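Since the structure of chain A is provided, determine the placement of chain B on it from the hints.
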Amino acid sequence: MYDETRLIKKAVRGDSLALSELLRQHYAFLYQYTLKITMNKNRAEDITQETMLKAIEKIASFQGKAKFSTWLITIASRLYVDRIRQMEREKQWLQEEKSLHGIRYESFRRMNDWPEALQALGELNSELRIPVLLKYYYGYAQEEIAKMLDIPAGTVKSRLHNGLKQLRKELTINEEETIE
Amino acid sequence: MKKKPSNSPDDQQWFDERLGDAIRRFDENHLPETAELQAFEQLVLAHKQGLKKKLWKELLLFWLTSCFIFGSMMWVLEQNWVGFPVMQAVIAAGGIIIALMKFGNRTGIKWKS
Numbered sequence: 001m002y003d004e005t006r007l008i009k010k011a012v013r014g015d016s017l018a019l020s021e022l023l024r025q026h027y028a029f030l031y032q033y034t035l036k037i038t039m040n041k042n043r044a045e046d047i048t049q050e051t052m053l054k055a056i057e058k059i060a061s062f063q064g065k066a067k068f069s070t071w072l073i074t075i076a077s078r079l080y081v082d083r084i085r086q087m088e089r090e091k092q093w094l095q096e097e098k099s100l101h102g103i104r105y106e107s108f109r110r111m112n113d114w115p116e117a118l119q120a121l122g123e124l125n126s127e128l129r130i131p132v133l134l135k136y137y138y139g140y141a142q143e144e145i146a147k148m149l150d151i152p153a154g155t156v157k158s159r160l161h162n163g164l165k166q167l168r169k170e171l172t173i174n175e176e177e178t179i180e
Numbered sequence: 001m002k003k004k005p006s007n008s009p010d011d012q013q014w015f016d017e018r019l020g021d022a023i024r025r026f027d028e029n030h031l032p033e034t035a036e037l038q039a040f041e042q043l044v045l046a047h048k049q050g051l052k053k054k055l056w057k058e059l060l061l062f063w064l065t066s067c068f069i070f071g072s073m074m075w076v077l078e079q080n081w082v083g084f085p086v087m088q089a090v091i092a093a094g095g096i097i098i099a100l101m102k103f104g105n106r107t108g109i110k111w112k113s
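Chain order of the listed sequences is A and B.
Quick note on our numbering: the first sequence kicks off at 1 and runs consecutively.
Quick note on our numbering: the second sequence kicks off at 1 and runs consecutively.
Looking at chain A on its own, in the form it has when it is part of the complex (with noise of 0.2 Å):
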C-alpha cells in the first residue's frame, strides 16, 4: 500500500519517484474528472497532459492544506476555463455539439446505453457543469469550489442553482416524452 503523505512530502522536496508515483496514482481519477467536464475524449487527454505538466512545475508550492487529488482538479478545472475563454462563443457552442456527438458514441460503445441524465449534464454549460459536478458528485463545499475555481462564493451558489433547475428542467421534459 503507498503512504501518500510521505511520497507528497517528498514530490515538494523535489524527489521525482515520488512525484511520478503520484500522478501515477492519480491519473484515471483525473482522466474521469476532465472527461465529465469536458465531454470530449481528446480534449480531456489534453487537459489531462497538461495539468500533470502544470503540477511537475508547481509541485514546490503544493502546501498540502488540500488533497493532492482536489489540488490536481483544481488545476484541470481551471485549464479548461482558460481554454474555453480562449475560444469564441460560436466555436465553442459547435465544438461542445460535437463533443457530445463523439462522447455519446463513445459511451454507447462502451456501456450500449446512453442515460437521459448524461444527457442532459452534457447539455449543460461548462460553466454551470463544473461546479454541479464538484458539489454534488465529488462533494465539495461551495468555500472549497469558490477557491477551486477561483470566483465568489455566491457566483458558485448562483451556479449551482441555475445548473440544477436546468438539469431538472431536462430530465422532467424527457420523462414527459416518454410517457407520452
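Rather than coming from a laboratory, the hints here were simulated on the basis of the structure.
Given the structure is predicted, the values throughout are model-derived calculations rather than measurements.
From the three backbone atoms N, C-alpha and C, an ideal C-beta is built for every residue, glycine too.
A portion of the hints provided could be inaccurate.
Said to hold, decoys possible - Taking lysine-lysine pairs in the BS3-like style, the calculated list, with each CA pair at most 27 Å apart, reads:
#1 K147/A to K157/A
#2 K52/B to K54/A
#3 K102/B to K53/B
#4 K41/A to K58/A
#5 K102/B to K57/B
#6 K54/A to K57/B
#7 K54/B to K10/A
#8 K57/B to K58/A
#9 K65/A to K165/A
#10 K10/A to K54/A
#11 K53/B to K10/A
#12 K53/B to K54/A
#13 K157/A to K57/B
#14 K52/B to K58/A
#15 K9/A to K54/B
#16 K48/B to K65/A
#17 K9/A to K53/B
#18 K54/A to K102/B
#19 K9/A to K41/A
#20 K67/A to K9/A
#21 K54/A to K54/B
#22 K147/A to K67/A
#23 K102/B to K58/A
#24 K65/A to K10/A
#25 K65/A to K54/A
Unchecked claim - To spell it out: a stretch of chain A is covered by chain B in this simulated footprint if at least three of its residues, at any positions, have a beta carbon under 8 Å from a beta carbon of chain B; those stretches are:
#26 18-27
#27 31-39
#28 117-125
#29 163-172
Chain B alone, transformed into the frame defined by chain A:
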C-alpha cells in the same frame, strides 16, 4: 410563494437519485489504461529538465541584456553627461512597463493547495 433554498439536502438527494448512478457508470466505463510507473517517471524527468533548460536560457538572456545595458550606459556616460540620466529614465520606464505586462497577467493563476 416561498422560494426553495438552493443547494438544500433535497438537491443532493435528487442529484444522487437522478444522475448519481449514471455518472458512476460513466466513470466505470471510461476508466483509462494507466501507463507503467516508468512512463510517468520519464515524463516528470523530461519536463523537469525542460524547465531547468528554460531557466538557464532566461538567466543567460538576463545576463546578456544586463551586460549590454551596462555597456551602453558606460558608453553614454563617457560621451554625453546629459544623455546619461535621460537614458536611465527611459530604461527604468521600459522595465516598469515590461514588469507590469508580465506580472500583471499572472495574478490569479496561483495553484494554492
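We went through each hint and held it up to the structure:
1. The suggested pairing of K147/A with K157/A holds, with an alpha-carbon distance near 13 Å, which does not exceed 27 Å.
2. Using a Cα cut-off of 27 Å, the hinted pair K52/B and K54/A holds, with the two alpha carbons roughly 14 Å apart.
3. Among the hinted pairs, K102/B with K53/B is consistent with the structure: their alpha-carbon atoms are about 20 Å apart, no more than 27 Å.
4. Of the pairs offered as hints, the one joining K41/A and K58/A holds, with about 25 Å between alpha carbons and a cut-off of 27 Å not exceeded.
5. Of the pairs offered as hints, the one joining K102/B and K57/B holds, with about 17 Å between alpha carbons and a cut-off of 27 Å not exceeded.
6. For the proposed pair K54/A and K57/B, the alpha carbon gap of about 20 Å is at most 27 Å, so the pair holds.
7. Between K54/B and K10/A, the direct Cα distance comes to roughly 24 Å. Compliance with the 27 Å bound is thereby established for this hinted pair.
8. Distance restraint check for K57/B and K58/A: the Cα-Cα separation of roughly 19 Å lies within the 27 Å cut-off, and the hinted pair is therefore satisfied.
9. Under the criterion of a C-alpha separation no larger than 27 Å, the hint pairing K65/A with K165/A is inconsistent with the structure, at around 33 Å.
10. Distance hint between K10/A and K54/A is fulfilled; the C-alpha atoms sit about 18 Å from each other, no more than 27 Å.
11. Between K53/B and K10/A the CA atoms are separated by roughly 23 Å; this keeps the pair inside 27 Å, and the hint holds.
12. Pair hint K53/B plus K54/A holds up; C-alpha atoms about 16 Å apart against a cutoff of 27 Å.
13. Taken as a hint, the K157/A and K57/B pair is broken in the structure, with Cα atoms around 45 Å apart against an allowance of 27 Å.
14. Annotation: proposed proximity of K52/B to K58/A holds, straight-line Cα distance about 13 Å (limit 27 Å).
15. Restraint check for K9/A and K54/B: the C-alpha separation of about 26 Å stays at or below 27 Å, so the hint holds.
16. Between the alpha carbons of K48/B and K65/A the distance comes to roughly 24 Å, so the proposed pair stays at or under 27 Å and holds.
17. Distance restraint check for K9/A and K53/B: the Cα-Cα separation of roughly 25 Å lies within the 27 Å cut-off, and the hinted pair is therefore satisfied.
18. A distance of roughly 19 Å separates the Cα atoms of K54/A and K102/B; the hinted pair therefore holds under the 27 Å criterion.
19. A C-alpha spacing of about 32 Å is found between K9/A and K41/A, which places the hinted pair above 27 Å, so the restraint is violated.
20. As the CA atoms of K67/A and K9/A are separated by approximately 13 Å, the hinted pair is consistent with the 27 Å bound.
21. Proximity of K54/A to K54/B is assessed by CA-CA distance (about 15 Å); at most 27 Å being required, the pair is judged to hold.
22. Between K147/A and K67/A the alpha-carbon distance is near 14 Å, which keeps this suggested pair within the 27 Å criterion.
23. At most 27 Å may separate the alpha-carbon atoms for a hinted pair to count; K102/B and K58/A meet this at roughly 18 Å.
24. Proposed proximity of K65/A and K10/A is supported: the alpha carbons are some 16 Å apart, at most 27 Å.
25. Annotation: proposed proximity of K65/A to K54/A holds, straight-line Cα distance about 18 Å (limit 27 Å).
26. Against chain B, the stretch 18-27 of chain A contributes 6 residues with a C-beta closer than 8 Å to a partner C-beta. That satisfies the three-residue criterion, and the hint holds.
27. Coverage of the stretch 31-39 of chain A by chain B holds in this model, with 4 residues showing a Cβ closer than 8 Å to a Cβ of that chain against a need of three.
28. Given a C-beta distance limit of less than 8 Å, the hint that chain B covers the stretch 117-125 of chain A holds, as 4 residues qualify and 3 suffice.
29. Given as covered by chain B, the stretch 163-172 of chain A passes the check, having 4 residues with a CB less than 8 Å from a CB of that chain where 3 are the minimum.
In summary, the structure is inconsistent with hints 9, 13 and 19 from the numbered list given earlier, while agreeing with the others.
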